[in-house]
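Add chain Z to chain C, keeping to what the hints say.
Chain by chain, the residues run as shown.
There are 2 protein chains.
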Amino acid sequence: MERIDRNALERFCTEVFIALGLPRDEALHSAEILVRADARGIASHGVARLWRYENGLRLGIMSGGIEPTVLRETPISLVLDANGAMGMSLSRKTMERVIGKAETSGVGFASIRNSNHFGIAGYYSEMAARSDMIGIAMTNTAALGVPTFGTAAMFGTNPIAVALPGNDGRIFSLDMSTTSVTRGKIEVYNREGNPLPSGWAVDPAGKVTGDAARLLDDMLFQRGGGLLPLGGAGEELGGHKGYGLAVLVDLMTAVLSGGTFGKSVMDSEATSARVCHFFGAIRLDLFRDPKELKSDVDTLLSELNGSPVAEGHEKVLWAGQKEQEAEARSAVEGVPLAANVVSRLKSIGKGLGIAFPGSLSG
Amino acid sequence: MERIDRNALERFCTEVFIALGLPRDEALHSAEILVRADARGIASHGVARLWRYENGLRLGIMSGGIEPTVLRETPISLVLDANGAMGMSLSRKTMERVIGKAETSGVGFASIRNSNHFGIAGYYSEMAARSDMIGIAMTNTAALGVPTFGTAAMFGTNPIAVALPGNDGRIFSLDMSTTSVTRGKIEVYNREGNPLPSGWAVDPAGKVTGDAARLLDDMLFQRGGGLLPLGGAGEELGGHKGYGLAVLVDLMTAVLSGGTFGKSVMDSEATSARVCHFFGAIRLDLFRDPKELKSDVDTLLSELNGSPVAEGHEKVLWAGQKEQEAEARSAVEGVPLAANVVSRLKSIGKGLGIAFPGSLSG
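Here the protein sequences line up with chains C and Z, keeping their order. Sequential numbering of the first sequence, starting at -1, is according to the working numbering. Sequential numbering of the second sequence, starting at -1, is according to the working numbering.
With the rest of the complex left out, here is chain C (with noise of 0.2 Å):
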């Protein structure tokens, strides 16, 4: 593990984005996303990622500088075709369009079709809770998750992300895929050589399985199985409710916007998944007066922190706590980076000519 400063990051991620042939503000907010994901500590969604962005931009199945179709739009509303722009960028653009409608108007709803990868869905409902509004955004993925007693991969890890403000910076920061794992746990379960826990995923069959290696090639091949919703296997620990939770990210995501949903959702070797997204704000003081509405969150996230422990654990946290605490340790130690991360991210400089900035601690 190694440690970067956070600026300098951001700005070796920038000038590779701009050497890709993304315009400055895309890159800008490329690189923000990115890097705030492992300044937070969630180093799946974060610049080991860079490389795909890199095969995407060199490919041509991503570009740059593309601008979105405005579908409807209301003082409230907006749908957008994304056109296949880059998701990040887009995406912020598209929150701060929605502050904007909330500002004026109390809420803001945007759903948006044909949109990129956008990184960690908690970034853009924090931009609405650091406006003293409740945030919401979602996405759909790639198909990988099987319904409650199917086989086949319906829907994806469809996140659901809601942010509500506390006072001095805390935010209830919900950002939570709506299968049990993503695909990336089922990895490190298979590089590690361990068998999967039971209510992680099912084979072809529709049973539960413990294999790795076999589920990452079925799902590789679309030969059946993949990943069972928040609640596992069954009805018995409500795997139903995670699975209607995912059908329901599709339904506000692509549903709304007439995009691509369901089973449908997957990558091709001409285009990324095309996926879609939905982002809400709603104005605090639609409902009481935000300094005191913020108090009350206050006090309901210190009654959490402040009740008592299970054996062998230290602490209660609320979502979206460990990430605020990641993220202010990075602030001043700078952002973690696994060293396999750290060399490839000096390989896809060199090749750019763009040097990697030296490591805080190592």
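These are calculated hints, taken from the structure and not from any lab test. Only a predicted model underlies this, so the values are computations on that prediction, with no experimental measurement involved. Everything hinted at is true.
You can't tell identical chains apart in this list, so a pair holds if it fits in one copy or across any two.
Cut-off 30 Å, straight-line C-alpha distance, at most; resulting in silico cross-link-like pairs (DSSO-like, lysine-lysine):
id, residue 1, residue 2
1, LYS289, LYS261
2, LYS289, LYS313
3, LYS320, LYS261
4, LYS320, LYS289
Showing chain Z alone in chain C's frame:
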């Protein structure tokens, strides 16, 4: 199991509520919402609860004819203090106002404090769906749920309901508690002497427990322990996600309205739990032509129904489908009621001089 004509059962319950002192409209609404639950096969939330209302109204813990106070109102939002009004009728009237706001302004939201149990959350979200809107309903409930790595009850079963319409009366209708299961399920396992599945509940030390009798006792006397969030114990299967969803419901219902949240929500001898609700309605035509949008909802739901089925199961269903099929059957064959529920209702009726309708089958 007996089957009772739906209209006759509603009339019986209405007369009981009127005899117990509810105004006619509150009696009608309460009867309709309770019977709807039974018609849909959700017996836990149906007329089996009538005795609780009888008890509450007789003891003065609940009473009819209470008017809510408007705390804040805009063309798109409403905040109410229910002043302890009957939850079902108040919620139905509030959802009508929310739908009216959405008809005029595109969206409507309401947050309500100091209310009473409102029955099935899906009743309200589906009201909006039938008006070509996305419908949302949530409520907090008495604290029974234990946070990830905690040992004490810090939130209720806190259900979330979201509904979107397809064509021909079909409604995607997700209505889920955010705990793995509700207390009712634990009571069933206790009666039948079965051990609880791992992932449902923890003991006062925060360890997963299978002992239903002891759990119910520990919860009753607030010794610690309680229900696990959706996703179960720890983080391995995503229990922290269910925990986050439960807290989100507290924020949307109680913190937005200035009501009681978290561990402080509980029944006392003098009052019921004074729960808080949230309702939302968002017009479909903000996003697309509703007819086209609903056709895509149909396509998505049909693809799920048509997807391959795991061994030992019959069909892949979507959220709300089982309940909608049960309701169609109840319309023809009558509403199914367990024999012990029928005898309890007969005895309530006898005490008030109200005849219970005859059985259609038995």
